[in-house]
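Q: These are the residues of each chain, in order.
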Amino acid sequence: MIDEGRERRAQVTPPKLELRRVSKTFQANGMTVQALEDISFRVSSGEFVTLIGPSGSGKSTLFNLIVGLLEPDQGEIWLDGEHCLQRTGRVGYMPQRDLLLPWRTVLDNAAIPLELRGVPRHAARTRARAMLPLFGLEAFAEVYPATLSGGMRQRAALLRTILTDRDVLLLDEPFGALDALTRQELQDWLLRLWGRLQQTVLFITHDVEEALYLADHVIVLSARPGRVVKTLTVSLPRPRRRGMIASPEFGRQMAELLQALGVEV
Amino acid sequence: MPPVLLIAAAILAWQLIAMVSGLSSFILPSPLQVLQAGWRTRHLLGQAIVTTMVETILGLAIALVLGVALAAAMDMVGFLRRALYPILVASQTVQILAIAPLLIIWFGFGLLPKVIIVVLVTFFPLAVSTADGLASADPDQVALLNAMGAARRQVWRMVRLPAALPSFFSGLRIAVTYSVVGATIGEWVGGSAGLGLYMLRSKNALATDQVFVAIVITTALSIGLFALVYLIERALLPWYYTTQRVEQWEETGIY
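For the record, the sequence lines run as chains V and X. Per this note's numbering, residue 1 is the first one in the first sequence, and the count goes up by one each step. Per this note's numbering, residue 1 is the first one in the second sequence, and the count goes up by one each step.
Mixed in with the good hints there might be a few duds.
[As the list claims (entries may be wrong)] Pairwise CB distance ranges, derived in the manner of DEER restraints:
1. V:Met31 x X:Val65: 27 to 33 Å
2. X:Ala69 x V:Gly81: 46 to 52 Å
3. V:Asn29 x X:Ser136: 22 to 28 Å
4. X:Val65 x V:Ser40: 54 to 60 Å
5. X:Val77 x V:Leu85: 27 to 33 Å
FYI, nobody ran anything at the bench for these hints, they're computed from the structure. Please read all numbers here as calculations on a predicted model, not as lab measurements. Just so it is clear, CB atoms sit at the ideal spot from N, CA and C, and this is done for glycine as well.
Work the whole structure out from these sequences, hints included.
A: Okay, structure coming up:
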């Protein structure tokens, strides 16, 4: 039912994020490397989309383009139905490394995006503090990142991303460096959080199971140059539960994704 | 603790050798005799210490402003960095003892040439360490803030400056230990007051015990400044002195 509502909204409003035939080439040491070739896709408001591809398929480059740290050689990036040239600050971005500032406590790290927008320090801290319980960080407000575990660092980085107050979140392999148990725990936690906050999420991963378990749609990129080789709509109902991974439907779609990635099934 | 014990043992050994060897106190005064000489000349010493410290602190303050400003300029303008960095390094091979007499000839026997010498010896570690510190900021952290729409000034305040502080303080620690020596050299070469002059006069009067007094006091002043900087650093950079790191340093004996 929720999904139906979402789909109906998607038809009347323009896509939250749209890439139209985006290409990007890098010059390095006299060599030309094409990172992305002719990438097009749409993400509707409130959707959870995962991007999967082998390493070197330009996933992070794609994010840097959407965030506005890079400009495409060809193609256009649209946000909220608007061809967007000045994009920095328009979407929430969580890079692969947590990049927490070691000289700021967890609370002050989370409050950075608020401070950047000119929210007074005290007000910014109050707002960030109110969010800590949701992220399981209430006991660590005044702790420096160096003493946190990997899972806690990622949650702090995600809180910082959410406090950008953007309704599109780009998450670049946020759980890639975590052990399997912590990763599963954070996946379920992220889905619950997304259910509450209703943001649009674009999520990079190199883990097929993770891509399928989290997403409404999975976009598969090829190896360099990155091209969209498949877009898959996940047939699992929401809310997701761990047990679904064992279902035949999950296995079938996983085989489909692996095939698109060129893995023998 | 181990360094303190070692020094105490060394002083004890010195005292014993001075007593047993039969060397005249003109060659090797015992620690006790040095102590007595210090007490005997305490009024002279008091004035000398004040003079030397005024020169030192003034010189350090000026070097601090100039060094940090130059480091920031080098960081912002790539051309300046490429042009100045090698010159800064090369400038350190010029002997301060060779420059000191020139400064006395140009600026007289007063405060100014000593302050200039302190600036010259402390400016380099400050400028270079601050420049290195500014360059050490994680480019990904800068990119993240840019992606959040941060202004240049905000990136400086939140990332570049805090990232530069540990390196800056290493430079400052080196600078303060050089500074007292710099001031003393200036006074030695041509001064009307200060610990350098005290040392020179004691040497000329063959008062070896007083020469030792001057050595001990300049060393103590340097260590005192070093400790002061260390305390300020501890207070300002609580994130850098996390418990693990300090334990690790203690094991390797850095502190």
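Q: Each of the hints needs a verdict: does it hold here or not?
A: Structure-based check of all given hints:
1. Distance hint check for methionine 31 of chain V and valine 65 of chain X: the Cβ-Cβ separation is about 46 Å, which falls outside the suggested range of 27 to 33 Å.
2. Taking 46 to 52 Å as the suggested C-beta distance range, the pair alanine 69 of chain X and glycine 81 of chain V conforms, at roughly 48 Å.
3. The given range of 22 to 28 Å is respected by asparagine 29 of chain V and serine 136 of chain X, whose C-beta atoms sit roughly 25 Å from each other.
4. Restraint check, valine 65 of chain X to serine 40 of chain V: a C-beta distance of roughly 55 Å satisfies the suggested window 54 to 60 Å.
5. Distance hint check for valine 77 of chain X and leucine 85 of chain V: the Cβ-Cβ separation is about 28 Å, which falls inside the suggested range of 27 to 33 Å.
Of the numbered hints stated above, the single one contradicted by the structure is hint 1.
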